[in-house]
Structure formats: structure tokens, C-alpha cells
Amino acid sequence: MQRRDFFKKLGVVAAVSAVAPVISFAGDKPKSKNAMSYATAVSAITGGKTPKKSAKVKLKVPEIAENGAVVPVTVNVESPMTSSDYVKAIHILAAKNFNSRCIDVNLTPANGKAMFSTRIKLGGTQEVSALVELSNGDFLIATQSVKVTIGGCG
Amino acid sequence: MADKRKSLIKIKPKKFKDGEVVKVSFMVMHPMATGTTKNKKTKELIPAKFINNVKFNYNGKEITNMTVWEALSTNPVFTTYMKINGKGKLTVTYTDNTGEVNEKSKKIKPKG
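These protein sequences, in sequence, are chains A and B. For the first sequence, position 105 matches number 105 in my numbering, and the numbering has no gaps at all. For the second sequence, position 51 matches number 51 in my numbering, and the numbering has no gaps at all.
No wet-lab data here; the hints were simulated from the structure. Some hints could be false.
[Stated by the list, open to error] Here are the simulated DSSO-like pairs of lysine-lysine, each with C-alpha atoms no more than 27 angstroms apart in a straight line:
| no. | chain 1 | residue 1 | chain 2 | residue 2 |
| --- | --- | --- | --- | --- |
| 1 | B | Lys4 | B | Lys49 |
| 2 | B | Lys55 | A | Lys58 |
| 3 | B | Lys14 | A | Lys60 |
| 4 | A | Lys113 | B | Lys104 |
| 5 | B | Lys109 | B | Lys10 |
| 6 | A | Lys96 | B | Lys40 |
| 7 | A | Lys113 | B | Lys12 |
| 8 | B | Lys104 | B | Lys83 |
| 9 | B | Lys89 | B | Lys111 |
| 10 | B | Lys12 | A | Lys60 |
| 11 | A | Lys96 | B | Lys43 |
| 12 | B | Lys83 | B | Lys49 |
Between the sequences and the hints, there should be enough to build the whole structure, so can you do that?
If you want it as C-alpha cells, here you go:
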């Protein structure tokens, strides 16, 4: 192979690899069998009840996330956590991910404090919500939108 | 107990008394592949491999049970609170969607 040819080929390879991620992102996306939209996820958790917006649930998410692959989420719920009045479950939902359910945390009074924190992936700019189930059967919700500059779920 | 992954249980504060409520973090090195991403070089799908379920057990009692879906970050962290109730052992069991089950435990010794 001549030097000139080699550089030509190198240029082609570089161009293809630069364009490829864009194509794979826009092209046919493989669907997961766990795909679930936001509305079906909420109704699956609540069983038809409409969750109330409440100031008791404190959702802490950055407003602008530079990297969608790692978005820290903290949910804090005001609750005495006694055996008669406690937070049963905390669900973290991302509205536009192919599977809106991120995590379901089932708590018990032995936790002492209703708090959960983790890091999630976001495919793009969307709303993140925390759905909280209380021991008396009520559902509370807190929502916040997050701007993502680079998506995390290719 | 298939292959042992690197994991860690952290309790804050380090020194605690009986009856105190402490912060517990569980970290694990795990790819958390969603099954929808492609390898950029070979353009092949990366098969899904993510944690399905995490359980916190303290002295044989289940404290927290989490159902996990794909959308958690690589090398996830799970942080909650826990009420200290005597000497014992905290065991975290986590299950994979491929059936891999692993365990990590930490002794709990309250002072005073």
C-alpha cells in the first residue's frame, strides 16, 4: 500500500466513525421488553388512584445535568416512620426514558427515616418524579424537570 | 454466589450508639447495561445486564427491598437510613437479570 492510499483510507475510516454514533442513535432503536410509558407506570403503581402533589416530598435533582448517564437523585419524605404511620414505598420515575420506572424502594419502619438516594440515567431533557406510597394507602408525588445536555441511554 | 463483584457498605457516622438512625450506602461495581446501547466499534448490541433486586437484611429481618430497572447508572449507589437495634450483621443481597446472585455483609457494633 502506498502512503497516499493509506492516508485516504484513514480519512474514510475517521469520517465513518464520526458519523456512526449519530446514525445508530437516530436509526431503529432496539426496544426492551421492559419498555413502559410514564402513564402505564403510574397506573401500575397506584392502581388507578391519582397521586396528590405534596410539599412533604422533597425531590432533589440538578436542574441542568451535564451528563445524562449519571444524574444524582435524592428523595426525602417527612414522616414519623412509626409502625402505624410510615412511608411504604418510594418510586423514582423518568417520564421519557423507554422504561419510565427507575427504581421501587420498599421501606419499613426499621429504616427510621424516609430517605433514598441514587444515581440514574436520563435519555434526554425530561421530568423526573418521585411517587411516594404511604402506609394509609395515599400517594404523593413531586416532579421536577431536568435539562440534559448529553443523553445517557443510547 | 457466581463471580464476586467489588462492593462496599458504608455507614455514616462511623461510630454510633444503639438506637441511633444512621445513613447506609451500598455501592457495587456493575455495568448496568440496558440492552439498547451498541458497541461503537463492532456495532453489536450490548446484551442487557442489570441488577433486578436489592435486599437489605439486618439480623435476619428485611429492612429494605428494592426492585431495580434498567435506568440506574453504571456502578450504582443505594443510600437509605437504618435504625441501629443491637449487635448484628447487615447483609445486602443483589440479584441480576441473568440470575447472578451476590452478597455482601458488614458487622454492626454499636458503642455505648
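Verification of the supplied hints:
no. : hint                : result
1   : B/Lys4 x B/Lys49    : 15 angstroms, holds
2   : B/Lys55 x A/Lys58   : 24 angstroms, holds
3   : B/Lys14 x A/Lys60   : 25 angstroms, holds
4   : A/Lys113 x B/Lys104 : 23 angstroms, holds
5   : B/Lys109 x B/Lys10  : 14 angstroms, holds
6   : A/Lys96 x B/Lys40   : 24 angstroms, holds
7   : A/Lys113 x B/Lys12  : 14 angstroms, holds
8   : B/Lys104 x B/Lys83  : 19 angstroms, holds
9   : B/Lys89 x B/Lys111  : 15 angstroms, holds
10  : B/Lys12 x A/Lys60   : 20 angstroms, holds
11  : A/Lys96 x B/Lys43   : 25 angstroms, holds
12  : B/Lys83 x B/Lys49   : 32 angstroms, violated
Violated hints amount to a single one, hint 12; each of the other numbered hints is respected by the structure.
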